[in-house]
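Peer 1: Those protein sequences? They're chains Y and H, same order as listed. The letter at position 191 of the first sequence is residue 191 when you use UniProt numbering, and the numbering goes up by one with no holes. The letter at position 334 of the second sequence is residue 334 when you use UniProt numbering, and the numbering goes up by one with no holes.
What the hints contain is simulated information worked out from the structure, not anything from laboratory work. Predicted model, so just to flag it, every value in this text is computed and none were measured. No residue lacks a Cβ here, since even glycine has one placed at the ideal position from N, Cα and C. Honestly, I wouldn't trust all of these hints.
Simulated restraints, written as ranges between beta carbons of each label pair [to be verified]:
hint, chain 1, residue 1, chain 2, residue 2, range
1, H, 339, Y, 92, 52 to 58 Å
2, H, 133, Y, 14, 32 to 38 Å
3, H, 13, Y, 124, 47 to 53 Å
4, H, 57, Y, 20, 37 to 43 Å
5, Y, 131, H, 49, 55 to 61 Å
6, H, 36, Y, 38, 40 to 46 Å
7, Y, 33, H, 65, 44 to 50 Å
So you can see what is in the structure, the chains are spelled out below.
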Amino acid sequence: MKRRVRSQNLGGARAMMLHRPHPTVQALERQLTAIGLQVEPCWPDLPPSVMTADFVFFDADYGHDSQFPWEAGEAPMPLIALIGSEAPGRIEWALNAGADAQLVKPIGGSGVFSALLTARAAFDARQALAAEIASLRQRLDQRQTVVRAVGMLIGLGKSEDEAYAQLRAMAMAWRISFEAAAERVVAAQRPPRAEGGRDE
Amino acid sequence: MKRQIDLGLLYSRSGSYVLISEACRLGVLTAIDEVNADPALDIRFTPVERDPGGNLDLYGPLCEELLQSSTARHVIGCVTSSSRKEVIPTLERARASLWYVVPYEGFEASDHVVYTHACPNQHLLPLLRWSFERFGKSAYLTGSNYIWGWEMNRLARERISEAGGEILGERYLPIGSTDVERMIAEIRATRPNFILNNLIGQTQYTFLRAYAALGQLDPHFTAQSCPVLSCNLTECELPAIGEAAEGLIAAGPYFRATQGQPTKGRFGSSHEASGYAAVWMLARLLNGRPGAEQLPISSLLTPEAAAQIRVDRHTHHTALPALIGQVRAGQFEVIADFGRVDADPWLTQARSEAGQPKLRVVP
């Protein structure tokens, strides 16, 4: 997949910085401001307004799960870990918290912009995958409905291939998914009047 | 009694982009002379020079050596973005600052650099919008093979596509290469509405002469129907291009012939003017503050000081006029003026792009 990275809409974006006031993160605040973001430092708790933040930077050294008002890995925005200690346990915790990108402390003048773009791209990719998985799951759940619809059409004298072809034709004519067409057939408890069906 | 302050200069006095180096250096030295002769200032700059000779790998070591062998904490220099990126780690270690006085591709705001020339929302974006209306939206993109050309063309590609235009070709040449035949042949075959020129040095001069020769063969390839647009071309390189420069269009913050400017005709080019301005900005930051010459630039740029020398404290960039010039009878004439534009190095501020021209278009 080739991604196009865009930076225009970073202007005015809100970034929460879950880190105690410390010189190692001063440069982060400066750099975010230079890029055009509004920065809100907070520690140890995230205020309710975090739910509408565009990015959250969090301290991987002293952070813990109960600081986040969401389940681990289910943040509604991209997360960026601020890593000081590279102890495996801390990195594991940051990953499980759902870090989409990371910055190593002390944070200097560079790396912040790429962390923002990387985190957003990773977050978007994860969201898109989650949506696709949910849709595939739903289609899997509908397998039984498809089998029933095909069975009903076979009961009306079609071969199995013809029954599938008719369902596909109905789905195309109604501009819905194959599974949704099967659902309609089953719900109607009777076959449609004509192949191709009629638009509702 | 004036305080002696070492001031680093890091310009290549030979190599592909020597004309730009020399223009910047001239502006810097002119300003140093003025500061040193000014009885109202309590400082006197002593230039400490190193010459990387156009060799990218020498910038880092020479910058380090300069900072170690003198008391300089400010360096003026670097022309290519690659060389600027080479010295930033050295500056960070030494808590020193670079004054970078040439146009660049944006997407940087180092705490250790002050950027006194234009970035894309001050050069490329106004130039593209202006050109779309006049010439069309199909473009051929050229560049020397390093970050300036790559990033400028990426941005141009993005903006041209958004505007519904078309990229008919995009080609790069190594710095110093004069192998421009293929570019010229592709341009001839694709017949774009304009050419974006991000070539530098000898490659650029060779390309522009070859393109002028193409215009002799086919009248489509002239400034009226298919101009060459640049964002870093100034008067300092016109002698190397010769007659082939006629009709070239460039964006920049200053042109020698700029009408109505108090500095009209004072500087040879915006490169020279920018080097000159950088020295004076630094002089104002240090004047009357003994010991300030050892402070990092972030400490020098207090809100009051930043406002006085007109540097944005957050980005270390400057607000600059966005002008478009065209070479007519051998010199740049300003043909469009978008007014003073704040720098937006990350292109994150929707409002920061120069708006409609203030209609001071010279016929």
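Peer 1: Each hint needs a verdict: does it hold in this structure or not?
Peer 2: Here's how the hints hold up against the structure:
no. : hint                      : result
1   : H:339 to Y:92: 52 to 58 Å : holds, 54 Å
2   : H:133 to Y:14: 32 to 38 Å : holds, 36 Å
3   : H:13 to Y:124: 47 to 53 Å : holds, 48 Å
4   : H:57 to Y:20: 37 to 43 Å  : holds, 41 Å
5   : Y:131 to H:49: 55 to 61 Å : holds, 59 Å
6   : H:36 to Y:38: 40 to 46 Å  : holds, 44 Å
7   : Y:33 to H:65: 44 to 50 Å  : violated, 34 Å
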